[in-house]
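> Listed in order, the protein sequences are those of chains U and Y.
Going by the working numbering, 147 is the number at position 118 of the first sequence; the sequence numbering is gapless.
Going by the working numbering, 314 is the number at position 8 of the second sequence; the sequence numbering is gapless.
Rather than coming from a laboratory, the hints here were simulated on the basis of the structure.
Keep in mind that the hints are not guaranteed to be accurate.
Below, simulated DSS-like cross-link-like pairs (lysine-lysine); rule was C-alpha separation at most 25 angstroms, straight line [to be verified]: (1) Y/Lys-513 with U/Lys-218; (2) U/Lys-161 with Y/Lys-590; (3) Y/Lys-373 with Y/Lys-398; (4) Y/Lys-589 with U/Lys-161.
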Amino acid sequence: MTSAVAARLTPTPTVTRRVQPRGPRIARALKPLVFVMLALPAAWLVFALLTDRLEGDVVKILEIETGTLALRSLAYTLAITPLRQLTGWTWLATYRRMLGLFVFFYATMHMLVYVGLDLELQFGEVWASIVKRPYITIGFLSWLILVPLAITSPKSIAKRLGGARWKRLHQLTYVVAITATTHYLWAVKKDTFWPLVYLALFAALLGVRLWQWRTSARQAAA
Amino acid sequence: MLIRNRIEPPSSEVTPEVDFLNRRQFLGVIGSIGAISATGAAAEALFGGLQPVGAQPQGDAVSDEAKVTSYNNYYEFGTDKEDPRANSQLFKTRPWTVRIEGMCRKTGSMPLDDFLTPSRVEDRTYRFRCVEAWSAVIPWRGIPLADVIRRADPLPSARYVEITTLYDPSRMPGQRSATIDWPYTEGLRLDEALNPLAFLATGMYGKTLPNQNGAPLRLVVPWKYGFKSIKGIVKLKFTERQPTSTWMKAASDEYGFYANVNPTVDHPRWSQGRERKLGDIFKKPTLMFNGYEAQVASMYSGMDLRRNF
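One chain only, chain U, in its complex shape (with noise of 0.2 angstroms):
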């Protein structure tokens, strides 16, 4: 990071030439590392399961895993196109989609743990969690806005619809930021440090974008 950083702040403009091109091919090679290494924590969770190492309330502690990762996953989504920026890595992006099904992948461990394991298919009581629970509420509604940009996410059907609707569209993953924060901070009793980061993280990555898409529409109006 550091020789990147010197990189940038050093004009001189060779080196960046000869990074760019060598860097998508090795991105591409590294997918499936990257991709193991996200899948990793939930092969890990199940084995652990398994083999009774889950210490104390069992479904609590997967409900916070799965959570977390989910959280963990869409921070990682949204500071792809920043770090581009930051850094010129262009390859940064070939892992977006990925980790972007990462976060609807954990979340939806996280919802069916709750459903399946802690409310144990009672659905009486998983709707009456969802109209009364404002936590719950808000959980499911994060859910379910990520099953149309899950549904969305491959190449053919974003062609399909268009660059710009799909991309219009897949600004809710912001939203799906503030719903899934705010729910996290609702769900805890009162440790609210880690709700509390994530809030300021995704608050100054959706303040990054806010501002780049004002100076650009006041460019395009100029």
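Chain U is fixed; fit chain Y onto it per the hints.
Relative to chain U, chain Y alone:
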């Protein structure tokens, strides 16, 4: 429903098999406690020397000790469930002073061992139900709370006892952040405190109480949610007015003074109808007063338990 129809002895009356077989030896140990001026070492010998209790008084298996000692709510040592074990290992529980104050005749401070010595050490295997809907069955060792209350000789006007945890941020790292209002405070109505089930634990699983479980002295009120069972006790104060507990201060809509286990009154964020025993995947029904209805229900007759949650 099945459980309600079953006739059960209160767990306080059940002598664990191991202790029954060793009853003469046990009485010998108790007797020698008086002889050796009870020092920390003597208490250690007592708590460390006996076999772990294997009794299952409610037909409910005793929880795995490893689970009970690794999944704790003890914000004084951190808010994550694994924090108390990780952050309390160097916590020193001796010397330890307990202070009795307020509306009673025998006020004053005394070393923990003097506080405990006059009482007979007992084993009690109780169900434990956390307000977060997880539960356990734990073999405790300690003394009846009523003993301590009677020795303090409360004035007739005293109606409540307020109990306080140690406040020492240099030893309890969790107290360095303002997650809840320190020191942790709890309270019981005097008749609740005198109920034979109310217990002060100094040990569990036949050993000295682990630090993460509230050493050296914690309350156990098995018919109430776990947060009432205050840990690391340094003070008992007799009052006329109902004390405001820490969780009442933190969220009065979620945590009341009584906090009796009640499957029909939900927590705002989850149902209290069912519970998951630590280590289990499937839940089981939660019992009224955590299964101790016969021993405690009469204390609340005529009270609206939905309002006095």
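> Indicate, hint by hint, whether the structure satisfies it.
Here is what the structure says about each hint:
1. The suggested pairing of Y/Lys-513 with U/Lys-218 is violated, with an alpha-carbon distance near 32 angstroms, which exceeds 25 angstroms.
2. Distance hint between U/Lys-161 and Y/Lys-590 is fulfilled; the C-alpha atoms sit about 23 angstroms from each other, no more than 25 angstroms.
3. With a C-alpha separation of about 23 angstroms, the suggested pairing of Y/Lys-373 with Y/Lys-398 holds against the 25 angstroms cut-off.
4. For the given pair, Y/Lys-589 sits about 22 angstroms from U/Lys-161 by alpha-carbon distance, which is consistent with the 25 angstroms threshold.
The structure fails hint 1 only (numbered hints given earlier).
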